[in-house]
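The listed protein sequences derive, respectively, from chains R and U. Here the first sequence is numbered in my numbering, starting from 1 and rising by one per residue. Here the second sequence is numbered in my numbering, starting from 311 and rising by one per residue.
There's no promise every hint is true.
Now the stretches of chain U that chain R is said to cover, found in silico as 3 or more residues with beta-carbon under 8 Å [as the list claims (entries may be wrong)]:
| # | segment |
| --- | --- |
| 1 | 311-318 |
| 2 | 370-381 |
| 3 | 396-410 |
| 4 | 430-443 |
| 5 | 478-487 |
| 6 | 636-650 |
No lab work stands behind these hints: they were computed from the structure. Bear in mind that the values here come from a model prediction, so they are computed numbers and not experimental data. Built from N, CA and C at the ideal position, the CB exists for glycine as well.
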Amino acid sequence: MKKLDYRRLKSRSRHFLFGMNFTDGIVYKFVIYTLLISFSYIYLYPVLFMTVNSFMSVDDLINPGVKWIPSSLQFVNYGRALQVLELPGSIVGTTSYVLKVSISVTISSAIIGYGFAKFRFPLKNLLFVLMLATFILPSQVTMVANMLIFRNLGLMSTQKSMIYPAIFGQGVNAAIYILIFYQFFKTIPGVLMESAEVDGASQIKIFTRIAIPLAIPSFLIVFLFSFVWYWNETFITSLYVGGRITLPLKLQAFRASYETLFPPGTAGAELNEAIMLAGNMLTILPLLVLYFIAQRFFVESIDRTGITGE
Amino acid sequence: MKNILKSIAQFLNKFFEKIGNFYTHKVSKGIDKAKFILEHNFLIRREGLTLTLFSFLKINVTRKRREAFYGIMFIMLWIIGFLIFTLYPMFYSLYLSFNEAYYSLETGVETTFIGFTNYLNVFRSQSLLPLFGTYIGKMIIAVPLIVVFSILIAVLINNPIKLKGIWRTIFFLPVIISTGPVINELNNQNATSIPALEDSSVIVYISENLGPWLANPIEAILTSMLLILWYAGIPILIFLAGLQKIDGSIYEAASIDGASPWDRFWKITLPSIKPLISVSVIYIVVSMSLFVEPEGILDLARLHMLIGAPDSNFWFGYGYAAAIAWVYFLLMVIIMGVFILILSARRKENR
């Protein structure tokens, strides 16, 4: 009797700990959640650090006893950062510029991706490989010549110097967007298009009436990605469009503009880390808001649209 | 009153009559002429299913040809853009890299051919060559690390866990934040290294016992661990998409046959996402290489280009900048190629 009980207890506890086939036991779950939490700490650490430190006063920054909870919330930091970054005007400016570029790159890559996915033509494979190869080519290789081209066309230091390459499918990471559309249009059955063609629809009509409405999720993904990537692109933008057009570029020049706004000797002249971090927060805040609104599309539709490029 | 109205009506009549005459005698005739020219020109003519180009080249419009025409028209945008904004600049910068080139406002770019001198200067440079060294070291250590890490996270998220959306949101966060200035500022404030790692004895041990050429990259990687793991954002998504395409019944069959989760990972999961590893290696190498650090290689290339003047001892102008970019690009391709070669070699052995 006693022996049996012991055995049952053993099997029960074993079942409790390891489950039927290990993966549904509590040990496995414990390991997984521990790993997940520690990894997400790594990922969230900078954001938390930035948020907390941006509210700190100078005393808190120096005080080693204060790490995560500031003794008082300093909204002054944000006020100063707002002044230096010239918000809200610069948010409107940045957004309108990024919108222009990302909308044009989205539309053009949809057209190009459709062309690659639905038609057969000579040299298609070569062109497709070249298209993918443009992803690897750093823009630094082409920057010298591109600058000369833009200078000759009179596009230098205007937003057109970013918009034109975007329209012609050569924007930042454009190969990825084209690939996303290519993957998606490949999955649409050709029968659908053929039946429309038999009914007498032109190719342009098929594209606009059948392909585009089906591809709306892909449009969203590509638009979101291009928005974020163009927002974050500083090297090319500062080179072609000029110094301080987007918020990240303004952030780059934060120290210099702070000094002109609060010259030494006036109140609040010393720039501290908290104000810098407040500026950082303000720069990525629009993206964070966008991300949390569109988070579902960002994460869930990825596997449907195939960024993987099989 | 009536008279006034009448005169207005008369005026309008005259006016419209003139417009009407102009239209019938000039515009519509012009349109007719244009139509005639279009239909009877020697450039392009269409009769039924045959197109005639230049009056002697006859093309039958077959289905295949029409399809090819539409396909090329759809990607025409890309072809034009590729020729103007990529192919021509590529060759031009290759040409410039063999020249001494400066920009002057009056004459445009002035070039003098100097052969391989620019490239030799890149390898002679005191400030550039160490940067290339650390770049290679960083890549060799960081890329496998990111791949392993992103596979690990993808497998973790793919488990039936609670709050799936929140975990995914967190792990995809780096893609949003990774803007150059923000990262650099975080780097300045030591927010990109995990505090416990930084003052651990491991780093001290490494820097004391290994040569600087090996210790420096390792130390740099350990201290900016977080920055490196942040590149895992998109690779995680790539692997996650791959994992979700695996049929669940394979796992069931394996576990009925008595395979442990460990076995299942090595025998099922890893082989099925293996093709995606090279995709993410390419992605990681490109995104890490194109991240512009202050006083990094790319930053130097830009400075050489922008500040370069014929009489400068420090800044060597367009040609030198182009040479730096080309060396950097070739290194990038070589690193990618080596990784992919290693991966494909392993795959052959397994067969």
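Cross-check of the supplied hints:
{"no.": "1", "hint": "311-318", "in the structure": "violated (count 0)"}
{"no.": "2", "hint": "370-381", "in the structure": "holds (count 6)"}
{"no.": "3", "hint": "396-410", "in the structure": "holds (count 7)"}
{"no.": "4", "hint": "430-443", "in the structure": "violated (count 0)"}
{"no.": "5", "hint": "478-487", "in the structure": "holds (count 10)"}
{"no.": "6", "hint": "636-650", "in the structure": "holds (count 6)"}
In the structure shown, a violation is registered for the earlier hints numbered 1 and 4, in ascending order.
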